[in-house]
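Chemist: Here are the chains, one letter per residue:
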Amino acid sequence: MRIDQKTVRVAAMGALLLAAAACSKKAPIAPVLPPSAAASNAPPPSPPPPAKGVVPRIDVFMANPSSIQPGESSTLSWSVANATDITIDQNVGTVAANGTRDVFPNTTTTFTLAARGPGGMANRSVTIAVTSPPPPPPSAPKGPSVSGAEILSREAQDVYFDYDKSDIREDARQALTKDADLLRRIFATDPTFSVVIEGHCDERGSAEYNLGLGDRRASSAKDFLVQLGLPTDRIRTISYGKERPVCTDANEGCYQRNRRAHLAPAQ
Amino acid sequence: MKFRIVLVMSGVLLMTGALLMLGQQPTGVDIPGVIKEGEKPVIAVPDFRGAGDAQKAMDQFNKTLWSELEGSGALKMAPKTLYPLAIPQQPSDFRPPTVTTPVTRGAQPQVIKNGPWLTDWSGPPVNANDLAIGYTVAQDGRLVLYGYLYNLSQSTVASAQLINKTYFGSLDNAGATLVARQFAADILQQFGAKSLLGSKIFFVSDRSGVKTLPNGSKFPMKEIWSMDYDGSNQKQLTFYKTTTTEPAVSPDGKLLAFVTYPQSTRNGVEVDGQPQIMMHSVETGRRLTFSNFVSSVVETPEFTPDGKRLLFSTTVDKDPQVCISDINGGNFQRISRIRAIEVSPKVNPRTGSEVLFISGRSGHQQLWRMNIDGSDPEMLTTGEGDVANPSWRPDGQFVAFAWTRGYEPGNFNIFIMDMGKRVPIQLTHGMGRNENPSWAPDGIHLVFSSKQGRSTQLFTMLADGTHVQQLTNAGNNLEPVWAKGN
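Residue numbers (this note's numbering), protein chains in the order written: chain C, 938 to 1204; chain W, -9 to 476.
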């Protein structure tokens, strides 16, 4: 008992000592530093003043992506040295030495960055190509259901599964959430449209077992969509097991592509 | 000595049985019914000749007779290179040797050969136990075979003769094949071996072509086919032009059940229905009534041994479960009730009351058994790897199945297991993906599919893994079912 008390006291003293040591470390004793080091310590970092007579230098001026569709954005990024006045045309205006800016050109546009400094000036240009979207599909010959089918075939994302599993993975959750939005749009414009979810498997299990597994995958995907509020009576399921593979190579890349639920128009 | 001769005369069947029970057991797989190489009676089968027009078909005849006897697994073939030059073709060709009385006391009696004799074949270098001879003639536009079998342990032609029979076929290769098979079946019967004559193998083939869907994607169509047990007479039975698989044949050979995606037309486009069971008449090829339980998948049909009911797997409450109905789909009942994928129910053909099936209820797909009412389920494999495709031997004593134990997922091999001992015996060893074993009616052969490279073909083998023979080569061929002839 006494030993215990002693141990506790010793431990407490140790803690006090440690605290004291920590305090002494934080004591505001300003070390004498050389001026340059002091400047570099001062937050936030600012560019060093331009040396007189040095020509401004544009290290970086780029657009990413360099090709977009109308309504999409591209990010300009730049890095300039030795300049006092930096501007980008096309209504971007004056900017700092380093920076980024999202731009939304509707047509192909060339952005020019101009940097002026005591030693002169420098220019660099970058062009963002704005491509027109693909032409709208030809008017559907058989009414709106065909166009719904076309939209679905073009935009629906496949849902991928782990080996021998039918659980909805995180990436599958995202794919199905997008598919749900797509289906809502199609269902709204075409009241007769319905979708079939195909369940597929890789080639390793037996054909008989895979017919069951593909069935489970198709129904898990359907259940997820129904949870997101989609009407159960407009979603059909079918299992193809391993009978309709998208590839036939014996490697994990191909196996993964085949372990999927695929959304197709139910005609 | 006399007693032994009498015993042998009373039936070669008895002798073979005795060999099986008492003979030395060489190393290797010991399967009841499968005779080991060293225990097989040795038979000499010289090439038969044909008179006149009959000779044209004799290549086919000799090839067929040899492969039927060799492929039976019941006999060892004495190599032709060892045969004597003088080959008898009929009983009257045999000439017993003359044995002279020695002139001087103590000298050996002299044996003078007068022509072909039984000992030419029973002695070295042929050392055969039996001899099959005969010939063919063209008679009234038909091929006539005169076939004889001799037991070489006998001392006279009359006592040695086991078969003396006439066979008739058409005067062409088909006729030659037929008479060779019939003669082979009679020979095999003398040795207690069951002939496979008349038995059929039903299977799935994708050789009928590729289907292109409206969206441009393509897949090979699968249809049900049949062939004779040796790979001849391959014939397409279904024409659904989609994926048609999993054939099952009724015990009387009259009904064919299988799984297909029923086609319907919507907005001018062919649409697949969910996979369901179809029932056909084998004889007419016509579709018969089978009402499927309303379900997203109905598959793996299998007839009960009395031919009156059908077991299958149906998705109930999201899981494929073992179910049973009448052969028209009526009186549907669910047998298994568990959250697991359960497929491929197979009823013990001897008892009719025990069901083998594949279940994932313990994790991986394993081989299970239960009573036909669903009671007393029991796992028969170890839980390792994946198991598929159980098949009962006709006597209900053995089961064959495909298992990935010891290999990567998907690399199946063929195993068999004595239902009494429960010790799995591996028959194929990683040469390709080997699946879908199905026992032959004789209980000593198996047919199975093997994928080597990108091609899947059908093979037969003896149940000890020997005598592997390829039956198919066009397209891909799988899911064979070996059915008794009707």
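Just so you know, these hints were derived from the structure itself, not from any lab. We put the CB at the ideal spot given by N, CA and C, even for glycine. Treat the hints with care, as some may be off.
[Unchecked claim] Quick look at which bits of chain W chain C covers, simulated, 3 or more residues with Cβ under 8 Å:
1) 21 to 31
2) 137 to 143
[To be verified] Facing chain W, a subset of chain C residues (Cβ under 7 Å, in silico):
3) Leu1089
4) Arg1141
5) Glu1145
6) Gly1149
7) Asp1152
8) Thr1174
9) Arg1181
Chemist: Hint by hint, note whether the structure agrees.
Modeler: Now for the hints, and whether the structure bears them out:
1. 21 to 31: Since three or more residues must qualify, the claim that chain C covers the stretch 21 to 31 of chain W is violated, with 0 doing so at under 8 Å.
2. 137 to 143: With 0 residues in contact (Cβ-Cβ under 8 Å with chain C), the coverage given for the stretch 137 to 143 of chain W is violated.
3. Leu1089: violated (11 Å)
4. Arg1141: This interface hint holds because 3 Å falls under the 7 Å limit.
5. Glu1145: It holds, given that the least Cβ distance between Glu1145/C and chain W is near 4 Å, below 7 Å.
6. Gly1149: holds (4 Å)
7. Asp1152: holds (5 Å)
8. Thr1174: holds (6 Å)
9. Arg1181: holds (5 Å)
Checked against the numbered hints listed earlier, the structure breaks hints 1, 2, 3; every other hint is satisfied.
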